[in-house]
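Going line by line, the protein sequences match chains C and L.
34 is the number of the first residue of the first sequence in the working numbering; add one for each residue after it.
1184 is the number of the first residue of the second sequence in the working numbering; add one for each residue after it.
Honestly, I wouldn't trust all of these hints.
[Unchecked claim] When the alpha-carbon atoms are kept at most 30 Å apart in a straight line, the in silico DSS-like pairs for lysine-lysine are as follows:
hint : chain 1 : residue 1 : chain 2 : residue 2
1    : L       : LYS1388   : C       : LYS79
2    : L       : LYS1395   : C       : LYS148
3    : L       : LYS1391   : C       : LYS79
4    : C       : LYS166    : C       : LYS245
5    : L       : LYS1299   : C       : LYS245
[What the hints assert, rightly or not] Some but not every residue of chain L turned toward chain C, in silico, with C-beta under 7 Å:
hint : residue
6    : LEU1203
7    : SER1247
8    : TYR1263
9    : LYS1341
No wet-lab data here; the hints were simulated from the structure.
If you're wondering where the values come from, they're calculated on a predicted model, not measured in any experiment.
We treat Cβ as the ideally placed atom computed from N, Cα and C, and that holds for glycine.
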Amino acid sequence: MDVIEISKHAIPFLMKGLYVTAYLSFISGILAIIIGMIGGICGASKIFLLRWVYSIYVNIFRGTPFLIQLYIVYFVLPSFGITLNVYEAGIGTLAFNSGAYISEIVRAGIGAIPKEQSEAALSLGMTPYLEMKLVIFPQVIRIIIPPLVGQLILLVKDTSVISLIGVFDLIKVGRELAIASGENPIIIYSLVALFYFIICYPLYCFSIFVEKRVRLHYDSL
Amino acid sequence: MDFNFLIVKQYLPVFRTAFLNTLYISSVSLFFALIVGVIGGLCKISKNKIIYSVVSIYVNAIRSTPLLAQLYLIFFGLPYLGIKFSPFFTGVIALTLNSGAYITEIVRSGIQAIPKGQAEASLSLGMNYFSMMRRIILPQAFLIIIPPLVGQSVVLVKDTCLMSIIAYTELTRAAEIVVANSFAPSEGYLTSAFLYLVICYFLMKLSKYLEKRQN
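Let the sequences and hints guide you as you build the complete structure.
Printed below as a string of structure tokens:
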């Protein structure tokens, strides 16, 4: 069979691409969560300047396509004296891009906690840091996990765009296979899509599972 | 820092065409995606197991794969089968299928947010399924889904940037043309980014305004 022959030939190459995609997703995912947590706290803070910087950051990153951001970082920043290689540019841009969305998730999560919680914590003599750590954040985490997982799925899918500046990830390997070896592009790109599906679909199921658990928890209160 | 406004001015016609093209391909795709989404949403609440599973497979397959992979599959796959479309049409197909899946989920959740009593009341008044949906359920559901729908259209506008790789002259492609001709990356890419920002910022504000008005 044609499909099996081509798959046998293509899968070892695609596995290498899968490794790069997983690497890009993992590193930028962790960085994006860190940026998102810091950003979300800034966005929910009472200090005007922090909120102002936050809203500029979030609006710029959410209002422009990831591809354009990537091109700006990779092609425009060198003329400002900052030269990055493809991996640094890709991971950095993706982290800041997803970080903007995660910031909004975290900010909304903090906003969903009733004000009395924070007042009670402060009246018990907690410092703002302790209040965040012991009272607010444990509750926020529970609310934000489903949208956070949803955002991480988008991040995995967005790593495919990094291939356009020359990183050999899953989709780039597929493209080279289809062009260089002239093999049936439908089979090759279907295999590529299948690989992404294998990563993203379990994450979707996980986010639905967690959402149900969270809802059960709140219904039982 | 070297930003030369003369280059932007020189290529203003390119940017203007690209800006209009971006709006054009976004709105055409949004129109078709809405049709796909409403039909998909209705199928997703259907009691028929086969219809439900077909639409679920469609939605999951689209949501779990990147748009770029879908675009490659359509752009390189269809010609292999002997079907050739213009870049514009290829782009519209890819964006419609992609956004349609997300809008399907939005429509489904909107319909399910309407209390069951509404459907029961209209059925007991002797309406059939079609007129119940058209007159009672969908108009109410539509009000609920407008803010997330505008949010989805922001995503759609940003996704049009991938159409540059199939050589459709939208904002990203315009930036590439400017960079290739004048070797001025900051002028090309920053101008395009600004124009995207104008469209998306307007839509994001609109979505926030509509959400506020509803509450």
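Problem - Numbers of unmet hints, in rising order - result: Failing hint: just 6.
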